[in-house]
Amino acid sequence: MENKTLFTVTIFSENTAGLLSQVTSVFTRRQLNIETLSVSPSALEGIHKFTVTTFSTEEEIEKVVKQIDKKVDILKAYFNTDDELVHQEIALYKLATSEFLRIPSVEELIRKYNAQILDITETYVVIQKTGHYAETQSLFKELSGLIGVLQFIRSGRVAITKSKTERLSDMLQKLDKKQK
Amino acid sequence: MSKEITGSEALILSLLSEGVDTIFGYPGGAIMPVFDCLYDYRNKINHILVRHEQGATHAAEGYARTSGKVGVALVTSGPGATNTITGIADAMIDSTPMIVISGQVASSLLGSDAFQEADVVGISQPVTKWAYQIRRPQDIAWAVARAFYIAASGRPGPVLLDITKDAQFGKVANYEYKKASFIRSYQPIPEVNISAIEEAAKLINQAKKPYALVGQGVILGGAEKELLAFLEKAGVPAASTVLGLSAVPTDHPLHVGMLGMHGNLGPNKKTNECDVLIAIGMRFDDRVTGDLKTYAKQAKVIHFDIDPAEIDKNVYAHVKVLGDAKETLAAVTEKIEKNSHQEWLQEFRACDQREYDAVIKHELYPTTGQLKMGEVIRKVSEATDNKAVLVTDVGQHQMMGVRYFKYSQSRSVVTSGGLGTMGFGLPAAIGAKYGTPDRTICLFVGDGGIQMTIQELGVIMQYGVNVKIILLNNHFLGMVRQWQELFFEERYSETVMTNPDFVKISNAYNIPARKVETREELDEAIADMLNHDGAYLLDVQVETKGMVYPMMPAGTCVTNILLGNE
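Protein chains in written order, with my numbering: chain L, 1 to 180; chain W, 1 to 566.
Same shape as in the complex, but just chain L (with noise of 0.2 Å):
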């Protein structure tokens, strides 16, 4: 890989169907793998939120996000990188309760990350951890090494820009006014 920087694209939607593979095969036209891929309602109604993130050159996603933006029923796509953004995924990790109980070190594995325990049942336990990648890539590995992950899951990348407000609303106001 030439010097590709992970990426966060934020893209505002219509909540029109079919969107998402819209989305996703300007990506793909470009070989750029998705790396992680969130979709929801956002603050305002009717209007729907990606987060997608990818690994690309500046040059390259820009072009990316261009493109995107231009699709009729995208209201605005734009990328951060890292330093410009609060992030976090959520990670589930289930275990053996035996294995759990067997070995007195996983409560301190859990203290450590600051790990939440959702569910226990007579076979398996089901831990949370919210935080980077890096930090639940972490923790799955000790867990991993220590008595084994029965399930593992990441969700992807929610992101929220350090700026003050959310970009969108400007332009929807400019929007409105135009119309009128």
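I should point out that these hints are in silico values taken from the structure, not numbers from a laboratory. Keep in mind that this is a model prediction, so the values were computed, not measured. Honestly, I wouldn't trust all of these hints.
Said to hold, decoys possible - When the alpha-carbon atoms are kept at most 16 Å apart in a straight line, the in silico EDC-like pairs for lysine to aspartate or glutamate are as follows:
#1 Lys313/W - Glu60/L
#2 Lys70/L - Asp307/W
#3 Lys313/W - Glu45/L
#4 Lys313/W - Glu58/L
Mind docking chain W on chain L? Use the hints.
Same frame as chain L, now just chain W:
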């Protein structure tokens, strides 16, 4: 309007509200309610029954390209819809405003692999500006209004509307049509940035060797007058991309020719000698730029475009002038000083002389040997007073056509530039004629391309469409053969064609035709064709191993130009 109408009628009324007078289509199960309704409106909407749905899309493209209006194609679900994909992709890459309306199975059957069901919205999404499925009759008027607005505004392009059969049958209680002019998430024309205009003017005023590249954006934006005013005030030599041709008349003193792989010598070479490169409504396609690493590195680039995604896509622009060319060109013209660059212009003319001696003379004025493509094209162009519309298919004849045909007014070239779609020519010529009924339509087509959509001769027969078909027949897939000769050691893999008797085929469709084999009979044959009131086919036997020169081999530098036997 208080009475109930069907979704199909709402569709037809919506089309009428948008000023649609011609539709190219083909019926089938899932679009039958619309065709049934069309029967009631046959005096208001002229439906042209094509012979294959691909033909409907290319005809709609031809119509749009000559008329400047949105072309409309109407097809059924499944195979009817999938057959339009090539035409839709062609319209996408060439920014042609077109709406394809496809029938779809009833909404209750969607996703069940019903008869003639295909996910055409999903299939077409990567090659449309907008693709939308209508499942309720009351959504039809809204969706059609949006479709026309999106197809025609900003950088134009194709839109697909997929209408389920129950939406066509269903009733609409309060039909009302409102044209669309605003979509919150879609801003077709970026705001003009005054400082970019000022910067551009400053660069142009300081330039010693300014050079303008004219693309189709000028024609799409109706900015031909503004372009001429700009070029003449700044005294800037201007070359055209293939699709930009005819924005400036061929004989204009500042017009220096065509760009690209088979463009003129001067326009390509001077790209790497100018000091300010002014790109107007063009997208630096690889067939124009060759190797980007060596492209115009010495120049400051000013890029005028309506589509922000084109800026810096292939070539970095020092000055980015976003907006409608009609507006931005006028604004820049106001700020520049009257200028002239005669010495610089003469440098282009010197290249012209070299190209003339090495290539053009032999191609246009041969006295011995087999007929050449170039001489046929020149003669047809001259015989029409250079006033006809050139339509081409794709290949050697296309490059010869755009090179040697002459243009005296805008919208005189209909060709598949970006996608390079063989089979485009014949149906596009039909559409082009409907788009501009008063102009002469000259279709140049190869023996390969014509056979990809030859069934559309049936349309010419049925409706008496007056198109002049000049088949440049070399019994080869000529452009591929040329590459095989130059780059594949003359290994002619699958490029020889055993052809049918095209005169007989033409006659079977009741289209008069004539075979031309010698130079002596060419003038008379062209006169016969043009004087005939109606369609006519000339099967011109041209040299089998002709070459299109000049040629800049793919991916090389714009100054690396082959001239053949200089």
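Could you work out which of the previously given hints the structure breaks and list their numbers from low to high? 3
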